[in-house]
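Given chain U, put chain Y in place with the hints provided.
Protein sequence lines correspond, in order, to chains U and Y.
For the first sequence, this note's numbering assigns the number 1 to the initial residue and increments by one for each residue that follows.
For the second sequence, this note's numbering assigns the number 1001 to the initial residue and increments by one for each residue that follows.
There could be a bad hint or two in this list.
Claimed, not checked - Covered stretches of chain Y, going by a simulated chain U footprint (3 or more residues, C-beta under 8 Å):
hint : region
1    : 1107-1114
2    : 1133-1146
To be verified - Here are some chain Y residues the structure puts well away from chain U; computed CB gaps all over 10 Å:
hint : residue
3    : S1010
4    : T1012
5    : D1025
6    : D1086
7    : L1101
8    : E1104
9    : P1158
10   : A1200
11   : N1218
12   : S1227
13   : R1249
Treat the hints as calculated values from the structure; they're not laboratory data.
Backbone N, C-alpha and C define an ideal beta-carbon position, used for all residues, glycine too.
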Amino acid sequence: MSAVTSEPADRQDERLQHRGGLRGALADVVARARGGDLGVIPVVVGLVVIWTVLQVLNPIFLSSANLVNLTLESAAVGVIALGIVCVLLVGQIDLSVGSVSGLSGAVLAVLFVGEGLPVWLAILASVLMGAVVGWLYGQLFNRFGVPSFVITLAGLLAFLGLQLYVLGSKGSINLPFDSGLVNFAQLDFVPSWLSFAFAVIAAGWWFVSGYLHAEERRRAGLSARGTLTLVVRSVVLLAVLAFVVWYLGQTRGVGWMFVFFVALVLIMHYLLSRTKWGRSVYAVGGNVEAARRAGINVRAVYTSVFVLCSTFAAVGGILAAARLAAANQSSGGGDVNLNAIAAAVIGGTSLFGGRGTAFGALLGVIVIQSISSGLTLLNLDSSIRFVVTGAVLLLAVIVDSVSRRSRTSHGRA
Amino acid sequence: MTVLSLRGISKTFGAVAALTDIELDVAAGQVVAVVGDNGAGKSTLVKILSGVHPADAGTITFEGSTVEIHSPAAAHKLGIATVFQDLALCENLNVIQNLFLGHEIRPLRLNDVAMETRSWELLRQLSAKIPSVRVPVAALSGGQRQTVAIARSLLGDPKVIILDEPTAALGVAQTAEVLNLVERLRENGLGVIMISHNMADVQAVADKVAVLRLGRNNGVFDVGQVSTEEIIAAITGATDNVVSRRNQRGAQS
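Excised from the complex, chain U in its bound form (with noise of 0.2 Å):
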């Protein structure tokens, strides 16, 4: 025993493989990838195969105006996945994230320019609307055991009459250009120095906490991260933010509204990796008896889950009728239900539960979006969107399958 105690309490079985330092880390990534658990990899390779293509086809996508637009298109969809991704993490679904974005324009358009209240408490209605959709939802799943997939079927269609109605015969209200919630979605920009701030903080503010945690490992006698390590990646992230910011400013810059998106997905992923009750979402995920005995109150889990994915959905619509400057019967239909979902599938939810990312969210909507801006660049009808748009989410669910036997013949679950 005296020989090994030198190594830490997490490396000291002799069967475990192990280079450190840099190399060592790249070395895991690749292992890591082999035994099937693919991460973010199909993701990445998938939008760099789509931009290249799409870049080749019309040269004006890649440009910095083209892709500032697309950041603003994919905000109001990218919240509405970020929903489905939770939903997905617990192993169930919601169909209607659609109309009750739809429905939740509309209840806007209708408090804010139809009765005159001051925008925030519009804002505020529809939201609370939305929350009290998942708390339904949640309720008749957990008291009479009704499949989540019929309970939000049913939404899908009550709540798209529910818009129709609280619309009117008019069918479309128009949202004032000059008031503050049409310019945060179509004029804000953050501004040039602040957006550089903003890709600093983030990589010093990676930097330090992974440093601190591996101190905190370091004095606990277990393995952690080197420096050297944590150096590199902050490096690279900052490198790569930085890029980005720079790219964007060319033309209009970084909207306030993709700021807003991507503040959501931040507070997502800490809330599903670093609090118990994200904890108790990938255990339902993943073998709901269990979490059950482990004295989880799997219930309230399922409701929280609903009621997130449902006020996503509101906050998603808001932001699309805000971007639109109007709320009309259209709003929340044709493709946003299933681009939400194939956003949130392609950014590596898996459909079986208990795995997937708020990240996933984000990358996820960004190639959906840009299949879709690329398209209509192309002047290509909308039927060819569909299509295309279906193959690609086929395509993903492959993956997801494809790469779950790996797991399991990998022993990587």
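Positioned in the frame of chain U, the structure of chain Y alone reads:
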């Protein structure tokens, strides 16, 4: 010193008397094997002790005082931990996450360093052979999963631990691993109730064997002074039974 003792425990399901007048004593640092045929009432007994079903009649004495076990939480609070046959682990979570599931340290900002340190302590205490606690449970063998499930039940510092068929569905080496684990539990001063079908395992680790037959006590034996044949006779209720006849046939030919 007796930790847990049952007197006159009875349980009926409708017209069926699943358990009648059961007695059982478990001392600290003692392994009691509960054996019996299918339908003898072993699982019902486990469920009564783990708080899934309440007993209809009889008294349970735990550490000298009479207690009632109404719910799994109550059993847990008393210090009776149960490892069910299906283990109830989340395959997508790693060993640490499974060990602390539902009892995470610092709920709003998980303290993974403290949880990992404590996980290693627990596993070392059981001399468990798990290479890394940061791998998902899906990557572990059956014996290692059993180890994780037992380690998890130890988190609440129980006095008595109930293992429901811990070696069913395990290979030779893994069975040996789990039996080592049971001995370690005994060395740590826990009372162990082990439900088993496997006479070899019972002979290997148990101190006492309690036989159930058709919901009644059918004898308690000291393992050192009883042969497998005698236990089987008690389980089946006759010296002339299928197993003994088969053995005789084998001896004659």
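Here is what the structure says about each hint:
no.	hint	in the structure
1	1107-1114	holds (count 6)
2	1133-1146	holds (count 8)
3	S1010	holds (26 Å)
4	T1012	holds (26 Å)
5	D1025	holds (27 Å)
6	D1086	violated (8 Å)
7	L1101	violated (4 Å)
8	E1104	violated (5 Å)
9	P1158	holds (15 Å)
10	A1200	holds (28 Å)
11	N1218	holds (31 Å)
12	S1227	holds (38 Å)
13	R1249	holds (44 Å)
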